[in-house]
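Enquirer: Now for the letters of each chain:
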Amino acid sequence: MASPSESDRKIITRFLHKTLHAVVASRVPRLHHAAAGPASPKNDRWFHLALDDHPSPIDHHGAVMDPLVFDILLTRRGCSDVIVERWTVRCVPPAPWSAASPHHPHDGSFLRRTYKKCTILLRSIYTLLRLLPVHRIFRLLCSSSQPYNYDLCHKVLSFAAPFSRAQEAELKQYSFAPVETMLGHLVVSVQYRPSLTNFNLEVSLPTPPLIITDYVGSPAADPMRPFPSSLPDRMSHPIMFQYPPRGIRTLAAPSFDRPHSWNSASMVHHPLSSAPGPPDSELGLSLPGHYGHLVPNQRSSMERKGSSGFDESKLSPPCWTSPSPSPPTRVGNSQQSRLHSGTAPVSIPMPATENNQMHRSPNFSDPFKSLFPPPSPRSTRTDLFFRESPLKSRSFIKHEGFSPGDIHSNLHMYPAYKAIKDGRDDSGRFSALSSGGSPGYGFSSSSRQSIQDDLDDEDFSYPFAFDDVDTSDSQTRSLDGKETPENAGSHKSREAAVGILVQMLKTAAPLRHDQSCSMRSLEPNGEASISSSMMSRKTCDALEELQSYKEMKNLLLSKSGAKLQDSVKQRKESSKTLILN
Amino acid sequence: MNCETCQLKELVVEPPEIREVLRSILHTILFHRALGLVRPKDVECELFDIIYVQCEDHELEKKIDEKINQFIGWVEKHPNRKSQVCISFYEVKNKHATWFGNKIERFYWEQWYINLHIVSPKPHGKSHNTKAHVVTGENAFEESNSRCAALGSSLREVLLQIINFVNEKKDHIPPLQNSEIVSFPYEISTPR
Chain A
1 MASPSESDRK IITRFLHKTL HAVVASRVPR LHHAAAGPAS PKNDRWFHLA
51 LDDHPSPIDH HGAVMDPLVF DILLTRRGCS DVIVERWTVR CVPPAPWSAA
101 SPHHPHDGSF LRRTYKKCTI LLRSIYTLLR LLPVHRIFRL LCSSSQPYNY
151 DLCHKVLSFA APFSRAQEAE LKQYSFAPVE TMLGHLVVSV QYRPSLTNFN
201 LEVSLPTPPL IITDYVGSPA ADPMRPFPSS LPDRMSHPIM FQYPPRGIRT
251 LAAPSFDRPH SWNSASMVHH PLSSAPGPPD SELGLSLPGH YGHLVPNQRS
301 SMERKGSSGF DESKLSPPCW TSPSPSPPTR VGNSQQSRLH SGTAPVSIPM
351 PATENNQMHR SPNFSDPFKS LFPPPSPRST RTDLFFRESP LKSRSFIKHE
401 GFSPGDIHSN LHMYPAYKAI KDGRDDSGRF SALSSGGSPG YGFSSSSRQS
451 IQDDLDDEDF SYPFAFDDVD TSDSQTRSLD GKETPENAGS HKSREAAVGI
501 LVQMLKTAAP LRHDQSCSMR SLEPNGEASI SSSMMSRKTC DALEELQSYK
551 EMKNLLLSKS GAKLQDSVKQ RKESSKTLIL N
Chain B
1001 MNCETCQLKE LVVEPPEIRE VLRSILHTIL FHRALGLVRP KDVECELFDI
1051 IYVQCEDHEL EKKIDEKINQ FIGWVEKHPN RKSQVCISFY EVKNKHATWF
1101 GNKIERFYWE QWYINLHIVS PKPHGKSHNT KAHVVTGENA FEESNSRCAA
1151 LGSSLREVLL QIINFVNEKK DHIPPLQNSE IVSFPYEIST PR
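In the order they appear, the protein sequences are chains A and B.
Sequential numbering of the first sequence, starting at 1, is according to the numbering used here.
Sequential numbering of the second sequence, starting at 1001, is according to the numbering used here.
Hints listed in this document are in silico derivations from the structure and should not be mistaken for laboratory results.
Where is the CB? At the ideal position from N, CA and C, for every residue including glycine.
Mixed in with the good hints, there may be bad ones.
One-sided excerpt, in silico: chain B residues whose CB lies under 8 angstroms from chain A [said to hold, decoys possible]:
no. : residue
1   : Phe1031
2   : Leu1037
3   : Glu1168
Build the full structure now, drawing on both the sequences and the hints.
Expert: Put into structure tokens, the structure is as follows:
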């Protein structure tokens, strides 16, 4: 049987071990994570406080009477370690001359009281550990998966250098009531920092933020980002997807450098691809705020046949159908971007070319499915149009500065283009666009949708056969059996940007029956029709024509009616004569 | 045997805060008096930046919650009053057998008085001016936050007070009578 002093020594040793265990378990995240699990029953038995077992080294191998000091250190990158807590546990032997030197009975009652008091003391230490400021940091480090620029560690010492006066001034001390043992008084104290706000403790990023210089924004992010350089100045509503042909400048001359999904290889010869821009190495992603400055050199990318100059796989499927904010553009174009926030790109049928892998299949439902919105009936028709006239479409590919929306217009303008196929210059086929906001034949507001309709029409044999159909005028639509309410309904699914474009074209609309008739008559001579088509028409003129046609119709009907009456009279007379005879 | 009494610092509490405050205080006291085998459980206060320790014992938690609910019911009937919740530890002694039964005596050796001043939340001042109303609402929010922070600080002081008392007064604790988690019989008293 152990002597009381040995039992006392054992209690003290176990108390030291348990205290260190409790402190480290609530201060060192590394050991907290490495906890093996619930402590063994043998360890739990001591002081009836079950703590999670921890791997060594925690054991204190010093003498019982040696003080045990464990420092809790706050480690930070680039800074020296700071002691935020210092726990000191020591057994202070009583002074031999002290009158209070206890004479303890050698029965077990004193040991039981000592053990009970140590149990209560340990619970107090455990509770205080949760009330001190450092525990909050410990919990942050344990609970969060994010890396921080600081960490907590500990040191176990038998002797620690005392704090300097400056350090002591920053620390507070709390001392527990000593527990009387046979070997002396068991004293536990803690020096701690009452506040840790002085330390710049924050989440640390594993890598510094990188600026992506070749960011290619998602079309969903900015489907209506204006393309550079060439929109007519008079077009106060720069239509993002009415990609202006070369020579037409946007109000803010954005750079057509970004390889949008519509800037495919088919756009190599787009007029606007000649716009200056960053080199191809910048193709890819860029931060939104620097979008306009980091767009790739569209010219160099687009001029390469068969190569889109960018990886379409980088492009996210455009969310054409939903309005989305425009990506940042070059300086000066932000206003246009804002004007068009909420607009969405248009389904652009891309002409198939031999050099454009994307367009090998004229059915752009396959190659363009990820790049364009779900094909509308019109786009399908357009596809068919391309299928029928690959040569024509190829000629469109050579156009620079096309926007996806412009392709439709360009298709509509094909005869005009053919007439002025040399007119890639700014004063060329797209001069109509610069004429007072009424873009002429290809871009008339009235013809915009009519173009769409007719492109969708399988029977359509030439671009302007549908010119007599005015999508802006339901009456004129009704005159053309090709236009169906279903097509009108399909237009409803187009994005708002297309709506703006169409609206603009409508307001500047030419193209009525006269023009369409003239175009038909000039079909063999498409070049001649171009000149007439280039004349701007007013809506009022079209209405006047309609009225004139109505009058002619009434006249014809009246004449036919008169003739019919005459014939009826003659028949009656003849019958009468026969009867009389 | 002396009965040690501890009057805890008075806390000004609004009704929604009563539960959190009483839980933290009662569990802290009982953790120090649960000298049986205990697996401590850290509990984070929802309203305050305080973590206190519970004994992982469902019966104990249930009993404490029942008493808290009882107190809250009394507060609802008697709003805006100062009140006390008392937790007492006693020994059962002197079972005198009588003609009518066994008389059980309780000797209280420790009593804790939790002093609470229940106040009703301040209503926001009405204002016809929208801006003034927004400003009033913002001021009320700030006041509420500051009051809650002050209450959290006071609660932390109360918990430290418990630790101080527990460590200073140990000689009056009787010997362990059972191997249960809470080693000593106790009772929680609420106003009636």
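Enquirer: So, for every hint listed, does it hold in this structure?
Expert: Tested hints:
1. Phe1031: Because about 6 angstroms separates B/Phe1031 from the closest Cβ in chain A, which is inside the 8 angstroms limit, the hint holds.
2. Leu1037: 5 angstroms, holds
3. Glu1168: Holds - the Cβ of B/Glu1168 comes within 8 angstroms of chain A, reaching about 5 angstroms at its closest.
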